[in-house]
Every structure is written in structure tokens, then in C-alpha cells.
Amino acid sequence: GAVVSQHPSWVICKSGTSVKIECRSLDFQATTMFWYRQFPKQSLMLMATSNEGSKATYEQGVEKDKFLINHASLTLSTLTVTSAHPEDSSFYICSAMLDTDTQYFGPGTRLTVL
Amino acid sequence: GENVEQHPSTLSVQEGDSAVIKCTYSDSASNYFPWYKQELGKGPQLIIDIRSNVGEKKDQRIAVTLNKTAKHFSLHITETQPEDSAVYFCAGRGWTKLSFGAGTTVTVRA
Numbered sequence: 001g002a003v004v005s006q007h008p009s010w011v012i013c014k015s016g017t018s019v020k021i022e023c024r025s026l027d028f029q030a031t032t033m034f035w036y037r038q039f040p041k042q043s044l045m046l047m048a049t050s051n052e053g054s055k056a057t058y059e060q061g062v063e064k065d066k067f068l069i070n071h072a073s074l075t076l077s078t079l080t081v082t083s084a085h086p087e088d089s090s091f092y093i094c095s096a097m098l099d100t101d102t103q104y105f106g107p108g109t110r111l112t113v114l
Numbered sequence: 001g002e003n004v005e006q007h008p009s010t011l012s013v014q015e016g017d018s019a020v021i022k023c024t025y026s027d028s029a030s031n032y033f034p035w036y037k038q039e040l041g042k043g044p045q046l047i048i049d050i051r052s053n054v055g056e057k058k059d060q061r062i063a064v065t066l067n068k069t070a071k072h073f074s075l076h077i078t079e080t081q082p083e084d085s086a087v088y089f090c091a092g093r094g095w096t097k098l099s100f101g102a103g104t105t106v107t108v109r110a
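In order, the protein sequences belong to chains A and B.
Per our numbering, the very first residue in the first sequence carries number 1; after that it's consecutive.
Per our numbering, the very first residue in the second sequence carries number 1; after that it's consecutive.
All clues stand as given, with none of them false.
In silico lysine-lysine, BS3-like type, Cα no more than 25 Å apart, as pairs:
no., chain 1, residue 1, chain 2, residue 2
1, B, Lys97, A, Lys41
2, A, Lys55, B, Lys97
3, A, Lys66, B, Lys97
4, B, Lys97, B, Lys37
5, A, Lys41, B, Lys42
6, B, Lys22, B, Lys42
7, A, Lys41, B, Lys22
8, B, Lys37, B, Lys22
9, A, Lys64, B, Lys97
The hints are simulated quantities; they were obtained by calculation from the structure and are not laboratory data.
Throw the hints in and build the complete structure from the sequences for me.
In C-alpha cells, the structure reads:
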């Protein structure tokens with residue numbers, strides 16, 4: 001199957017700092033990528049849709065100035081959590097569209113804000 | 001938008017028995033239904049999917065059935081093994097994005 005990677009796999013940062021998470025499609029090009037957030041024992045919550053070469057589309061309630069998304073190439077999307085606070089601690093997962101339907105997920109990034 | 005409901009929330013089966021997870025969806029325009037398996041601390045892994053022009057699809061021990069009239073679809077795992085223990089998510093896709101069920105924690109008892 002198609003492979004999606006994320007880096008880093010985990011990160012610990014101090015409150016007030018910014019953290020960047022990378023999502024790469026390794027063996028296919030993805031015009032569209034997605035960013036999700038997952039709390040323990042819960043389902044995936046879509047944060048935003050990232051389209052190559054255009055602005056991301058954010059879901060209702062997601063602060064676009066806090067969660068900056070850049071999709072500069074067909075294989076890379078980045079999520080930057082700006083001025084992170086403890087409540088931003090979560091498991092962040094990206095996915096990439098292989099075709100019009102099929103979506104493959106990355107391994108996730110565990111963010112802990114102290 | 002699409003609303004996907006998933007049952008049961010937890011499922012414990014004896015090794016070798018079958019496991020069935022059921023999902024319902026609300027948007028009749030939805031036409032793509034994937035299933036994902038998520039192990040602890042990892043991202044979801046696509047295990048099987050079905051499109052609305054197909055009623056059933058099999059891949060070794062895994063099968064998915066779709067009833068468009070009733071708007072429900074199910075995942076069947078036969079001859080369960082300990083490595084099948086994980087959280088399983090169903091999803092439905094309408095016009096733009098996937099909507100996920102709440103997940104089913106499957107435990108296979110040895």
C-alpha cells in the first residue's frame with residue numbers, strides 16, 4: 001500500500017513555543033492531505049484539509065492562526081502549532097489522498113506541551 | 001454532513017471465532033466506505049474499503065458488506081487471531097471528506 005510518513009513521531013515542548021510537524025507521501029503524489037487530531041480513546045477529528053498550492057480549509061472551531069498548514073509540494077504538508085499550550089497536547093495524524101477516494105494515514109505525532 | 005454510527009464500542013472474542021462490527025450512515029449520497037485498524041500509539045491502517053456499486057468485498061479473513069437501501073455496512077473478521085486486537089474505525093465519504101465512526105475496541109482472547 002501507499003506509505004505516508006510523519007516527523008517527528010513525538011515531541012515535547014515548553015508552553016509558548018511553536019512546533020512543526022511534517023507529513024510526507026513517500027511513494028505517491030498527493031494533491032490533498034488532511035490533518036486530524038485524536039484524543040485518548042476517541043475517534044479522529046478532522047482539523048483541516050490541505051491542498052497543494054492553495055490555502056488550507058479549516059473545520060469549524062479550529063483556529064487557523066494557531067494551526068498553520070502549508071502544502072508546498074505534492075509530497076509534503078506541514079502543520080505548525082503556534083504558541084503551544086498544554087491543552088494542545090494530543091496525537092496529531094495526517095493523511096494523504098492516493099486517488100479520489102483512498103486515504104492513507106501517517107503514523108502520527110504525539111505532542112506534549114509542558 | 002455525513003453522520004456515521006458504529007456498534008459495538010467494545011468486542012471481545014475467543015481466538016478463532018468471528019468478529020462483526022456494524023456501522024450506519026445518514027447521507028444517501030455517500031459512496032465510499034473504508035475500514036481502518038488502529039493499534040495503540042499508531043496511525044490508522046486501511047484494511048479494506050467498499051464502494052457503493054458493490055455489495056460485498058473480501059480480502060482473506062476480512063470481508064465488508066454494504067446495504068445501500070438500509071444505509072448500513074459491516075466488517076466481518078473470520079478466524080480471529082491475537083494480532084487482530086486493535087481499534088477499528090468505519091468511515092463514510094460523501095461529497096468531500098471522510099466521516100468516522102466512534103471506533104470499536106476488539107480484543108481477541110487466546
